[in-house]
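Asks: So you can see what is in the structure, the chains are spelled out below.
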Amino acid sequence: MEIIEKLKQANLRGRGGAGFPAWQKWQMVKDAPGETKYVVCNVSEGEPAVAKDGHILEKWPDIVIEGIKLAMEEVGAKKGYLYLRHDYFDKFKNALAEIIGARAIKIIREPGGYLGGEETALLDSIEGKAVEPRIKPPFPPQEGLFGYPTLINNLETLYFAARIARGEYKNTRFYTIAGDCACPGVFERGESLTIKEILGKTGNWPKDEFFVQAGGGASGTIMLSDELEVPLSGAGSIVIYNKAKTDPRQLGLKWINFFINENCGKCVPCREGVYRLREIFSGEPLDIARAQSIVKLLAAASFCPFGKGVANSIGSLSEKLL
Amino acid sequence: MKITIDNREVEAREGQTILEAARENGIEIPALCYHPDLCVKANCRMCVVEIEGVAAPQAACATKIKEGTKVVTQSENLTALRKTNLELLLGQHRRNCPQCVWQGKCALLKYAAELKADLNAHLLRNPEPEIIKFGPIILDRSKCINCRNCVDMCSRQTGSKRGNEDECKSDGFLELEGRGYESRISPSSDEKKDCIYCAQCVVHCPVGALDVESAVEAVDALLKDRKGKTLVVQFAPSIRASIGEMFGIPHGQVVTGQLVASLKKLGFDKVFDTNMAADLTTVEEAKELVQRVKENKPLPMFTSCCPAWIRYVEFFRPDLIPHITTVKSPQNMLGSLIKTRWAENNNINPEDIVSVSVMPCAAKKYDAFKPEEKINGLAPADFVLTTRELGRLLQKNRIDLKAMLEEIADDPFGVYTGAGTIFGATGGVTEAAARTAHWLITGKNLEKVDFEGVRGIVGLKKAEIEIGGVKLKIAVANGMENAKMVLDDLAKDPKAYDYVEVMACPGGCIGGGGQPLPVNDEIRKKRAQGLYSDDAAKTIRLAHESPAVKAVYDDLQNDEHKIHEILHTHYAQKGKSEIIK
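In the order they appear, the protein sequences are chains U and X.
Under the working numbering, residue 322 is the last one in the first sequence; the count climbs by one each step, no gaps.
Under the working numbering, residue 581 is the last one in the second sequence; the count climbs by one each step, no gaps.
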């Protein structure tokens, strides 16, 4: 059976957070006309409290490279890129270079920054331009790196593609669990499990009253302890917060400061909206209505998913905890 | 194809964006960073619309239409989003409306009224002016909303962008500095980049964060207390087809007589028409072209009337200086005649003359004060007003140009031909020169004087014309992104052209950086049409037939030495402009 068909049957979805069916992306790049195509493995892993890509790199770098190679062969790319967060680059580059050997896979050190994970910003970064998202369409499978069809997959996606090819996939994904919990760490568990089950199975269900941020340590959604009977969506992280010990407003401000630093400044909702959110969260009294209108704008009108992430965390925080 | 906008079926063309299709059908979608001249950036987010079948609102400027696309441009939800967005922008924009280049007619205020946005919803991020000056250009970063229109424009004018490229570039003199909410527009400190003073950034800035240094106050003061000086004014070809816009006159309507009357009412002692000098420039330039061809001197010959283009060559490509015609720009030619021959013939001490010129241009402010342009130690123009500044000066003095009865410009520099007037549109200099070159080469006047091949506001026109057996390969470029393509051609083949006309601004002077706002192709076309109809209506359409030009040659006794001293100039390599913060 063809690998794309296998990906389809396994129902593998992008593990970067967006959850786009992997087989569709592969098919689009495979079907795209032209001789020159690229595969990019995205290891930007910019969300705070997400460490699963690093974990996989540490334990199974050979399977990752196998996944990249598989993708290159399948879509017809002569060249691949492994785009590594700067600390991962420093830590793993020698080991990876050895596994890569003579294969046409280039290891790139991410110049830094959260936005580098946005796939078109990542392409600009590889091309040596300012790290900013591009207008879509064209999507990377149509016009990606240097204008050529490009498959961009998160590292975990390519890792599991290799596992699927080997017949070793058991419908799992990697979860980073962090925060006020007994056993923080990275865990591989079934992807259909609910958050409640995951916390229970990993010995992380807290005794005290708590809430979690699920799907990214900055852009993830606030979920209360009675909302956890659903599988995780977004990036693979669950951060637990002890309700009594956490000041939600300070928590919001922490994320806002993170977003302010990582923001590219291109579009108005992100550049000005996040700036004003900081003002609102630092001011007295807290003007929730104004914050909500900015959150709505970020969700609906920001240029790239960055603003949607801000809206996701700050919006759910404001709604549920403030 | 057919698409539906706000429940109305409209006709649209494949490849258009929703915004373009809507505007073509008279439906306005709010937009600030969109300009039909520029690349699509989609950063202001004002143009978000709802599309049937698409979950989130999309930017209309960046979304191409498809057959059957159904778009909603107005809804409660969109109004709320746009209002929040606009209020964020207003928090970034220090308002100074009475002094603003937009004179209160900007899109920010218009949309604020439509969306009932609170101008003071947020505390101003930059409550104090933050001025940076370079040449005649003033950037006030406390007004800037980071739309990046100027950055794209400047990459066309001074950066690597070519006329056949669509993608946004940012490698011109105006660049983006910093990231996130701290990102700012900044003049480049790179020694290899400089401003050419075209002021296209000014006319493409939607919020008046860029403007041209004003001479309004100084000229107004002189008009009120002339200190024993003789005040003389000249106005450029294109002004007559654009200044009316500031007084409610339709685009492109030629208002020469009312303009002259307004200038006289302001109190100028003499009102001269730069068109007369454009005729003279034409004859001198045609003479030089014929001479260069006959004597195997450097070809192609480049035109010199556009000072931003000259500055481009003097800064970026000094190797090309020998190719520029030595004929002065019309402004400086007339200014030089005023301060030499006219002063002498009227027994006036040249130092007691204040020469004012009204130009469509910011670079002319630089052109008038170049050391090479001085005549007997004096600048050909003491003050240069842009079209916008003259409009302001008239408004300040409560002179309504529209209500004025026509008057005629003064002798000896008041009469012009059709050749001079078309200098204001791209291709006009070439056409004027070709008409006269024909006479110089063949000794006969053309029966049909129109050269349709060099007309129109297209960015780059190439033509081959034959005059009395002499074949001339011609390129006419407007906008530096097109001029650079001509230079690329010449780098490959130095003999690609014999004559090159360059106007740095889109459409030529009618699209100049000193012209009234707003500007786009439609407006530029109308202004150009105005000039071409002025030409067509003239009895005399050949520069060398101008009685005023003939009178100048008589006055100079056809002495080539005198002609060169007063009507010609030279050029020199220039260094980087001072950036004053």
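Please note that the accuracy of each hint is not assured.
[Claimed, not checked] Distance condition first, Cα-Cα at most 27 Å in a straight line; then the derived DSSO-like pairs of lysine-lysine:
id	chain 1	residue 1	chain 2	residue 2
1	X	Lys133	X	Lys473
2	X	Lys116	U	Lys136
3	X	Lys473	X	Lys462
4	U	Lys129	X	Lys374
5	X	Lys116	U	Lys296
Please keep in mind that the hints were generated in silico from the structure rather than gathered at the bench.
Asks: Are the Cα atoms of Lys129/U and Lys374/X separated by 27 Å or less?
Replies: violated, 45 Å
Asks: With a cut-off of 27 Å on the C-alpha distance, tell me whether Lys116/X and Lys296/U pass.
Replies: holds, 18 Å
Asks: Taking only the CA atoms, is the gap from Lys133/X to Lys473/X under or equal to 27 Å?
Replies: violated, 40 Å
Asks: For the pair we were handed, Lys473/X and Lys462/X, check the Cα-Cα distance against 27 Å.
Replies: holds, 8 Å
Asks: Please verify whether Lys116/X and Lys136/U have alpha carbons no more than 27 Å apart.
Replies: violated, 31 Å
Hint compliance for this structure: hints 1, 2, 4 are not met, and every other hint is.
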